[in-house]
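**Student:** Residue-level listing of the chains:
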Amino acid sequence: MTEVSVAKEDVAATGELVVLKSVNKHFGALHVLQDIDLTIARGEVVVVIGPSGSGKSTLCRTINRLETIDSGSIAIDGKPLPAEGRELARLRADVGMVFQSFNLFAHKTVLENVMLGQIKVRKKDKSAAEERARALLDRVGVAAQAEKYPAQLSGGQQQRVAIARALAMEPKVMLFDEPTSALDPEMINEVLEVMQQLARDGMTMIVVTHEMGFARSAANRVVFMADGRIVEEAAPDQFFSNPRSDRAKDFLSKILHH
Amino acid sequence: MFDFLSDYDILGAFWTTVQLALLSAVGSLIWGTLLAAMRVGPVPLMRGFGTAYVNLVRNIPLTVIILFTSLGLYQALSINLGADRSDTANFRLAVLGLIVYTSAFVCEALRSGINTVPVGQAEAARAIGLSFSQVLRLVVLPQAFRSAVGPLTNVLIALTKNTTVAAAIGVAEAALLMKEMIENEAQLLLISAIFAFGFVCLTLPTGLILGWVGKKVAVKR
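Chains as they are written, first to last, in my numbering: chain A, 649 to 906; chain B, 106 to 326.
Just so you know, these hints were derived from the structure itself, not from any lab.
Treat the hints with care, since some could be wrong.
Here are the simulated DSS-like pairs of lysine-lysine, each with C-alpha atoms no more than 25 Å apart in a straight line [as the list claims (entries may be wrong)]: (1) K284(B) <-> K266(B); (2) K796(A) <-> K768(A); (3) K284(B) <-> K756(A); (4) K796(A) <-> K266(B); (5) K772(A) <-> K796(A); (6) K796(A) <-> K756(A); (7) K756(A) <-> K774(A); (8) K320(B) <-> K796(A); (9) K768(A) <-> K727(A); (10) K772(A) <-> K756(A); (11) K320(B) <-> K756(A); (12) K727(A) <-> K771(A); (13) K756(A) <-> K768(A); (14) K756(A) <-> K669(A); (15) K284(B) <-> K796(A); (16) K771(A) <-> K756(A); (17) K727(A) <-> K756(A); (18) K266(B) <-> K756(A).
Let the hints inform the model, and build the full structure from the sequences given.
**Tutor:** So this is what it looks like as structure tokens:
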């Protein structure tokens, strides 16, 4: 696979890239996010785990405002999230997002999927966009599928295209919302390998996942959520071998030992 | 028994019908798409306007709308849409009335098409930084149109037949000629059959061709 620069140069600089301060959100009567404080540094890989319904996907989606918040503040690269409109669109272009259900544009080919944002948002010319798209598709190992439509690809291939589509925008941070949860077991690794490579290349990543192996090997920090709260934050080694909270011990005992 | 037919310009009348249908189809496709965009858009005022328009217009009989364009706009308010002759004016007013009416149905057919596009498609489009109008133009509407080909075909067929209402304000299309011929000749069944056949010739191929197109462009998920 060829090397393609995926991150802006300033990623190397240190500092806080994503800052959430006492974020609250309700779905009706349900308090899904309760006083969330979370800071993610440049180049850091943070894995968010927790039981279903703990609010981890919602948390991920608030960071590019696919979900609005009721109170608190979210800032990316020092700038608070703007309200709906042009400013928000510009910010979203800097925040890559990978969804559980891939969400590739069904009426466009794989290549067009990766080119669309470059041309319409980044205003690149077509040949430059295509060149970068092909390089990224090669990097995630689906270059041979460039002319096909998403429905003709396997789930693992679709998700790798979705990662390429997000990388094409040269994002400052990548959000992964359960990227492997909709995949057949045999396809999970091909996606995780791409994500591991990305982590090694220094991309700032926020990953909501149930893949504990990925959390152990790629994360700088594990954030454990339950019932809308961040219950525990720790380095992966420490979290998996010696969790402090009872809630985390209970969760890990249910998923790790069998 | 068919001799009398050569006294009438049946093809010319159907040509007017075709012109009415095509111009109204293009106009209502454009206006209906804008209405649909308003109805799914983020601006409450536009959403309200779109909803009110559709619910008002689709519940008014077409005859009332067409008569209003002639009696209300043309005769009372002297709006002639740039026509210097009254038959041209009536034709244009009829097209206007048909567009006003049909666009409400186009809007709803499209909106049902938009509802078949999974929410994730729009979310992914927003997530790469596309603006609302780009999300609609580049991702949602192209997919919505493809799944709305079936319902839109129904609207087009209904529109083609609805052009007969233009006879009410004297537009020389097929139904007006039919009425005249039935009055003049003692051939009620034959004349009715000829015009019925004429309309089937217009609408049946439309349905077949667009049915094929709909299958061809369908989005695979």
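**Student:** May I ask which of the numbered hints given earlier this structure violates, with the numbers listed in increasing order?
**Tutor:** 3, 4, 14, 15, 17 and 18
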